[in-house]
Amino acid sequence: MTTTSALRDPAAGTPALDAARPMIRFKGISKAFGSLTVLDNLDLDIAPAEKVALIGPSGSGKSTLLRVLMTLERPDTGSIEIDGAPLWHMPGKGGAKNGGLVPADAGHLREMRKNVGMVFQQFNLFPHMTVLRNVTEAPVHVLGIGKDEAEARARDLLELVGLRDKLGHYPAQLSGGQQQRVAIARALAMRPRVMLFDEVTSALDPETVGEVLNVIRKLAEEHNLTMLMVTHQMGFAREFADRVCFFYQGRICEQGPPDQLFNHPREERTQAFLRAVLES
Amino acid sequence: MIWDWDYAFAVAPKLLDALIVTVQAALAGFAIALVLGLLIALARRSRFLWLSLPVAGAAEFIRSTPLLVQLYFLFFVMPGFGFQMSPFLTGVIGLGLHYATYTAEVYRAGLDAVPRGQWEASVALDFSPFHTLRAIILPQALPPVIPVLGNYLIAIFKDTPLLSAITVLEMMQVAKIEGSETFQYLEPLTIVGLLFLIVSLISALLIGRLERHLGTLRRT
Ligand SMILES: Nc1ncnc2c1ncn2[C@@H]1O[C@H](COP(=O)(O)OP(=O)(O)OP(=O)(O)O)[C@@H](O)[C@H]1O
Ligand SMILES: [Mg+2]
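In order, the protein sequence lines correspond to chains A and B. Quick note: the first sequence uses this note's numbering, first residue 107, plus one each step. Quick note: the second sequence uses this note's numbering, first residue 2, plus one each step.
Keep in mind that the hints were calculated from the coordinates and are not lab data. None of the values given here were measured: they were computed from a predicted structure. A couple of the hints might just be wrong.
Here are the simulated distance ranges between beta carbons [unchecked claim]:
1. B:ALA114 <-> A:GLU265: 45 to 55 Å
2. B:ARG213 <-> A:ALA278: 18 to 28 Å
3. B:GLU212 <-> A:ARG381: 38 to 48 Å
4. A:ARG127 <-> B:PRO148: 52 to 62 Å
5. A:THR143 <-> B:ALA57: 30 to 40 Å
Backbone N, C-alpha and C fix where the C-beta goes; we use that ideal spot for every residue, glycine too.
Just need the whole structure built from these sequences, with the hints factored in.
Dropping the structure here:
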């Protein structure tokens, strides 16, 4: 495997990687906004380095699942584990005495978040910072690495996404596709073990979608990252994903390898959804 | 009534001295309003209700009662609770507190204009709440509202005559004292008006410049 020095390889350096232990485990996750149930007792395990595509109709809870994992939303019930460690809970002060876990505090969440990076539909780059600064800000201020090292890392990553020549530009001076590639580099600079992509090409002009997908393709092929991607691009989901999950009303209605899910969907809802998407 | 130049030249130096007091009070009050206003705006956004609700209530109360009443309260009532301050300090605190509730609204508009995605990206990158504010949110929220904040400096300046009610020797107070001694009010009051005009014009000019400067900054 060819690994750019800018990225760490999560499998290497973990001597006894427990093949049975999922990288991410959602257990009984429910989330409601008012009376609207968006996630409904959802279970999902994701293996280390697995690439999972989440598809489904609008409002079925795909983004919310990513946002709960990124700690942007708090689930109402259920638990999430990242590599065996609880995300929204932590061991109580009494330890084993109370036998249990208490709701996570801000410090625990900050520690756990280091494992996860996210790329948004609207890029959300910092408009008042140059491309280089966008990519170095978090490594310097959160990880505490030196400015020189952070800049070296940023250069490698911007090389990886093909934007080595835009270091001094501001986001407003870049095209949508270029901004999104910077956003990918910015997330990677924290060396997360899990990357979340929420419809990252939906806000792009058609001619720049390809350059962003190429970067993601390259990441998927060359690195050991665990990746979750919400997408409406069935073609890309098919070639990128190890597994495709079809969401319907806050549950995973059907899942399987792309071949099976796209070519031989079992559920009627999946068939209807795919028919509707492929016709449009 | 005719304009008496000799008298005008005689009172002008005293009024200029009072102008310095006036400008000092306005600037000090403005500084308090700038800092306190930001704190109020941030407290009102807090998800801790024990913080946001009382601050919101107090700010609304102060904003909807007259500054003159607040100055009287600070000057005549607070000493009863053991808070004894000079008239000048009382005036500065009164101005700062009152106008902080206005600058807080300005800050709020600035903060609201920062897209939610900026906060979310900051969480995703694991920034501390403080770093998020300092490095990501405020640099985007403040530049657009700086001119509006500047206009409140002029507003504060124009409200300083109220401090005469609590015996601060600002321009209005000095003009009144001079006038009552000679029964000639025309000259001192005219000079006071002119001085207010001059300082306000200069401030407006500076704020306009700042605004243009920020405009060019934002375009790049
Ligand atoms: N903060 C919120 N407050 C209220 N309702 C919300 C909030 N966030 C999401 N929702 C609602 O929850 C539902 C599920 O949202 P979610 O974004 O997870 O769907 P999705 O599967 O990503 O859909 P899409 O394909 O349109 O992005 C939607 O109906 C949405 O309006
Ligand atoms: Mg969505």
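Verification of the supplied hints:
{"no.": "1", "hint": "B:ALA114 <-> A:GLU265: 45 to 55 Å", "in the structure": "35 Å, violated"}
{"no.": "2", "hint": "B:ARG213 <-> A:ALA278: 18 to 28 Å", "in the structure": "20 Å, holds"}
{"no.": "3", "hint": "B:GLU212 <-> A:ARG381: 38 to 48 Å", "in the structure": "56 Å, violated"}
{"no.": "4", "hint": "A:ARG127 <-> B:PRO148: 52 to 62 Å", "in the structure": "57 Å, holds"}
{"no.": "5", "hint": "A:THR143 <-> B:ALA57: 30 to 40 Å", "in the structure": "32 Å, holds"}
Checked against the numbered hints above, the structure violates hints 1, 3; every other hint is satisfied.
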